[in-house]
Amino acid sequence: MADAKLNRINLSEKDYDGAPSTMCRGCGHDAISASVQRAYFESSIDPRKVVKLSGIGCSSKTPAYFLSQSFGFNAVHGRMSAVATGANLANHALLPIGVSGDGDTSAIGLGNFCHMMRRNVNITYIIENNGVYGLTKGQFSATADVGSVMKGGKVNDIPAIDLAELAITLGATYVARSFSGDRKQLTPLVQGALAHKGSAILDVISPCVTFNNHEGSTKSLKYVKGHLDPIHDLDFIPPYENIEADYDEGTDHEVEMHDGSRIILHKLGQDYDPTNKLQAIQTIHGAIAEGKFLTGLIYYNPNRKEFAEELNLCDIPLSELTQDDLQPPLEALERINADLMK
Amino acid sequence: MDTPLINDLNICVATENGSGSASSNNILFKAIFKMGIPCSSKNMFPSNIQGLPTWYQIRASAEGYLSRKDVIDVMVMFNDATAAKDIYRVRDGGVILYDDSTPLSASLKRDGVQYVGFPANKLVAKLVPASPLRAKQRNMVYVGALAYLFGIDMSVIKSVLEDTFGKKPAVIESNLICIDAGYQYCKEQNYKQNIARLEPIPNGNQGKIITEGNTAAALGAIYGGASVICWYPITPSSSLAEAMEYYLPRLRKPKDGKKTYAIVQAEDEIASVGMVVGAGWAGARAMTSTSGPGVSLMNESIGLAYYAEIPSVFFIIQRGGPSTGLPTRTQQADISLMYGASHGDTRHIILIPHDMNSCFDLARQSFDYADRFQTPVFVAMDLDLGMNMWSSEPLKLNQDAYDYGKRLSAQNLEEWTKAGKKFRRYFDQDGDGIPYRTVPGNEHRLASYFTRGSGHDADARYSEDEHDYKYILDRLRKKFETARKFVPKPIIERERGVKTGIICYGSSFEPVREARDRLKARGLRTNHMLIRALPLTSEVRDFLAEHDTIYFVEQNRDGQMAAIIKDDWPELGAKIVSVLIYNGLPATPLEVVNQIFAAAQSAKTA
Numbered sequence: 001m002a003d004a005k006l007n008r009i010n011l012s013e014k015d016y017d018g019a020p021s022t023m024c025r026g027c028g029h030d031a032i033s034a035s036v037q038r039a040y041f042e043s044s045i046d047p048r049k050v051v052k053l054s055g056i057g058c059s060s061k062t063p064a065y066f067l068s069q070s071f072g073f074n075a076v077h078g079r080m081s082a083v084a085t086g087a088n089l090a091n092h093a094l095l096p097i098g099v100s101g102d103g104d105t106s107a108i109g110l111g112n113f114c115h116m117m118r119r120n121v122n123i124t125y126i127i128e129n130n131g132v133y134g135l136t137k138g139q140f141s142a143t144a145d146v147g148s149v150m151k152g153g154k155v156n157d158i159p160a161i162d163l164a165e166l167a168i169t170l171g172a173t174y175v176a177r178s179f180s181g182d183r184k185q186l187t188p189l190v191q192g193a194l195a196h197k198g199s200a201i202l203d204v205i206s207p208c209v210t211f212n213n214h215e216g217s218t219k220s221l222k223y224v225k226g227h228l229d230p231i232h233d234l235d236f237i238p239p240y241e242n243i244e245a246d247y248d249e250g251t252d253h254e255v256e257m258h259d260g261s262r263i264i265l266h267k268l269g270q271d272y273d274p275t276n277k278l279q280a281i282q283t284i285h286g287a288i289a290e291g292k293f294l295t296g297l298i299y300y301n302p303n304r305k306e307f308a309e310e311l312n313l314c315d316i317p318l319s320e321l322t323q324d325d326l327q328p329p330l331e332a333l334e335r336i337n338a339d340l341m342k
Numbered sequence: 001m002d003t004p005l006i007n008d009l010n011i012c013v014a015t016e017n018g019s020g021s022a023s024s025n026n027i028l029f030k031a032i033f034k035m036g037i038p039c040s041s042k043n044m045f046p047s048n049i050q051g052l053p054t055w056y057q058i059r060a061s062a063e064g065y066l067s068r069k070d071v072i073d074v075m076v077m078f079n080d081a082t083a084a085k086d087i088y089r090v091r092d093g094g095v096i097l098y099d100d101s102t103p104l105s106a107s108l109k110r111d112g113v114q115y116v117g118f119p120a121n122k123l124v125a126k127l128v129p130a131s132p133l134r135a136k137q138r139n140m141v142y143v144g145a146l147a148y149l150f151g152i153d154m155s156v157i158k159s160v161l162e163d164t165f166g167k168k169p170a171v172i173e174s175n176l177i178c179i180d181a182g183y184q185y186c187k188e189q190n191y192k193q194n195i196a197r198l199e200p201i202p203n204g205n206q207g208k209i210i211t212e213g214n215t216a217a218a219l220g221a222i223y224g225g226a227s228v229i230c231w232y233p234i235t236p237s238s239s240l241a242e243a244m245e246y247y248l249p250r251l252r253k254p255k256d257g258k259k260t261y262a263i264v265q266a267e268d269e270i271a272s273v274g275m276v277v278g279a280g281w282a283g284a285r286a287m288t289s290t291s292g293p294g295v296s297l298m299n300e301s302i303g304l305a306y307y308a309e310i311p312s313v314f315f316i317i318q319r320g321g322p323s324t325g326l327p328t329r330t331q332q333a334d335i336s337l338m339y340g341a342s343h344g345d346t347r348h349i350i351l352i353p354h355d356m357n358s359c360f361d362l363a364r365q366s367f368d369y370a371d372r373f374q375t376p377v378f379v380a381m382d383l384d385l386g387m388n389m390w391s392s393e394p395l396k397l398n399q400d401a402y403d404y405g406k407r408l409s410a411q412n413l414e415e416w417t418k419a420g421k422k423f424r425r426y427f428d429q430d431g432d433g434i435p436y437r438t439v440p441g442n443e444h445r446l447a448s449y450f451t452r453g454s455g456h457d458a459d460a461r462y463s464e465d466e467h468d469y470k471y472i473l474d475r476l477r478k479k480f481e482t483a484r485k486f487v488p489k490p491i492i493e494r495e496r497g498v499k500t501g502i503i504c505y506g507s508s509f510e511p512v513r514e515a516r517d518r519l520k521a522r523g524l525r526t527n528h529m530l531i532r533a534l535p536l537t538s539e540v541r542d543f544l545a546e547h548d549t550i551y552f553v554e555q556n557r558d559g560q561m562a563a564i565i566k567d568d569w570p571e572l573g574a575k576i577v578s579v580l581i582y583n584g585l586p587a588t589p590l591e592v593v594n595q596i597f598a599a600a601q602s603a604k605t606a
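So the sequences go chain by chain: A and B.
Okay, so the first sequence: first residue is 1 according to my numbering, each after it adds one.
Okay, so the second sequence: first residue is 1 according to my numbering, each after it adds one.
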């Protein structure tokens, strides 16, 4: 067998593996993990310099499934942004990647998420988003569009949070959207995010294989149950294949979800300039008006300092400072005591 | 005719907040301190920026008592809104000072007190050009009046002004003019009072400092190595973080010209605790400072730090609860909240300072405890300790080496590997319940692991197995029991043969100290134990066993610490008679004495 390809630091792609995934077969999150792992490998990043962070949810489990050489922290629901900020303050030499879901980020985590971006904390932050356009039909999602169908047939009439637009408005300096099955687009976008110093937000549409049931779906659990031999286990979740996509820049692509519904992705073209904030927001809105999801690098600002640099932290990580660095001299306390005697 | 007491005087100044009275009260307090007289100050301020009532009590005590005294000898009545009640706050035979620029209404006259009036408004109108400052200067007039009446030398006042406003001679001048106007007016009127006199005690306060507990704690945290401070403003803890903002740049030498600390005002308490946990996980000495409502918000992540075993320090400056409660009043009502913070079976280490030096020293030590036990550590203070100005011995630094606990470097891991020892993150390696940890940035191939708040086994792997789960919970309890041997021990004062004991903690120390002297004078001798930490140590159990009667003084309604004692030692705990003081004002010796006598009485008649 031929030698495995090695990257610039003499690691093979296997060196970036994690534990086996526990996601449902065909889950979009696994496709994202594969792209993330590929990105680290291709960019020749040392896993020992990476810290993996997540909140709570299916997507938040995935950091265990790549880069087992890296430290990881599966925190609490919606608060990964704050935990990542703290970890970054303690050691700004570490390279954080945060994996979250649409509930973790746009519902409970919305506040912390906004402030993390305002500070431009250095992180590659991936939202594995299965809430858009009601992809997880029946489950509430703050990213579900107006008009999407919810449980019991109710149509959502509350406006969606567009995470890419929010990120641009609040100060993130690298904002991209992609689709879990579009490996060709996603991997380089992740690489770009990893190389970026500041808040790099990737909103990645990731179809859920399990919670996409609704009346009329030919792949819904109800349909499947009704057509299965009754002696089968009713907890059976049929295995799906991951939905893939591969289309050119500047074009549209229609993707059929597991339940038969469709979404349209529009990939930004070569001539798109991502450094214009207003244009970025207008382009997103333009796509929404046409019923499409914009994909690609939507916004990029190389000029803002990352948080640790704004705070003027010393080069040595705070976690590595010694007592000699941290404890002021006794004479200083004596001077303070003298001041307090007045 | 009573002889005036020397250096035994309790003054209450009633003003409107935002009127500049903080300035004048501060000068008064410092002047008495500078005379060498032991004194204390208690500020009762409203939860408001401007316009609500505030009372400032200054107590001079030759015997060195620092607690709030509820008998008020002198009332400076400078707030019309509260005057009707203020006239009754002062004792019979006391003195009321007031602004008689307008005549005193009949409804504000009562028998049995001496009224001293001076036209503060009119005097100031003559001396100070019309400006918003004029209202401020009005308060300076009563400083002069008090100085004349009770014997504060104007040279001392001048010296305090110079210390306070050294760099602004114009301010010193304008304050001095108004103070002097009050002084001279009272002199010309030949006002006399006969209740007390202030006399200088040479070198009486020599070498003593005046500070607030929050400042002392902030300094302790800096000396203790805090490098990540994430906080959200809340009364009465904000001044702790603000003191750190003030002192850090002055005390920490830069490294390559840059900072060795990050201080971040977060968007809320939940973000603050998230940042602290992230920073502690990554190996920095991380802390936050908040009050009861903040702890409520932080509960979830405190549980995460407990279960995932992440060092983190929480300064809690307690105030009146529940809910928004009394943001500007003191209490000790968050003990149970801190002890069992978060859902599930949790127990936390709490350090409890009682004076300025322990605020400094326990703050310094808190990071060692957090690192040693890999767990959240609370430093429990309260508004009285944190925000009032206390006189104290100078802050003393213990220069022991930092204890980073069982933290394995890459080199340690290499040594372990050679010795055939395996690093297992949540394993009871040494039998004391405390595992070993590594920290991100450690590049040894065996260093990394996944931290999670969900069920895990001794190797930090995700696990729902019942044996793994129970193992971790039992080991966490064992770790807590180990802490029992290491947390600060109580301070005990005992005489042989005395069978009544009084226990207290935190700022209850001063009122209890004075109460014990009064009880002794009335024939009841007591021993005393000051609890300085949770978990409770064996000394607490022994103290309970040694005494027939135990009074437990706390500043909360439900006897929260007493309940913890009863939980640890049910039979001994049954002896406890709770003395509960919880009206939001700092406890007084009188309240302690009254409750003890009442309890002793009902015990006799029972």
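Some clues are possibly wrong.
To be verified - Dumping the calculated BS3-like pairs for lysine-lysine here, alpha-carbon to alpha-carbon at most 30 Å:
{"id": "1", "chain 1": "B", "residue 1": "K406", "chain 2": "A", "residue 2": "K305"}
{"id": "2", "chain 1": "A", "residue 1": "K49", "chain 2": "B", "residue 2": "K253"}
{"id": "3", "chain 1": "B", "residue 1": "K208", "chain 2": "B", "residue 2": "K158"}
{"id": "4", "chain 1": "B", "residue 1": "K422", "chain 2": "B", "residue 2": "K406"}
{"id": "5", "chain 1": "B", "residue 1": "K421", "chain 2": "A", "residue 2": "K49"}
{"id": "6", "chain 1": "A", "residue 1": "K342", "chain 2": "B", "residue 2": "K208"}
Hints listed in this document are in silico derivations from the structure and should not be mistaken for laboratory results.
Status of the hints after comparison with the structure:
{"no.": "1", "hint": "B:K406 to A:K305", "result": "36 Å, violated"}
{"no.": "2", "hint": "A:K49 to B:K253", "result": "28 Å, holds"}
{"no.": "3", "hint": "B:K208 to B:K158", "result": "20 Å, holds"}
{"no.": "4", "hint": "B:K422 to B:K406", "result": "14 Å, holds"}
{"no.": "5", "hint": "B:K421 to A:K49", "result": "25 Å, holds"}
{"no.": "6", "hint": "A:K342 to B:K208", "result": "9 Å, holds"}
Comparing the model with each numbered hint stated earlier shows that hint 1 is the single one that does not hold.
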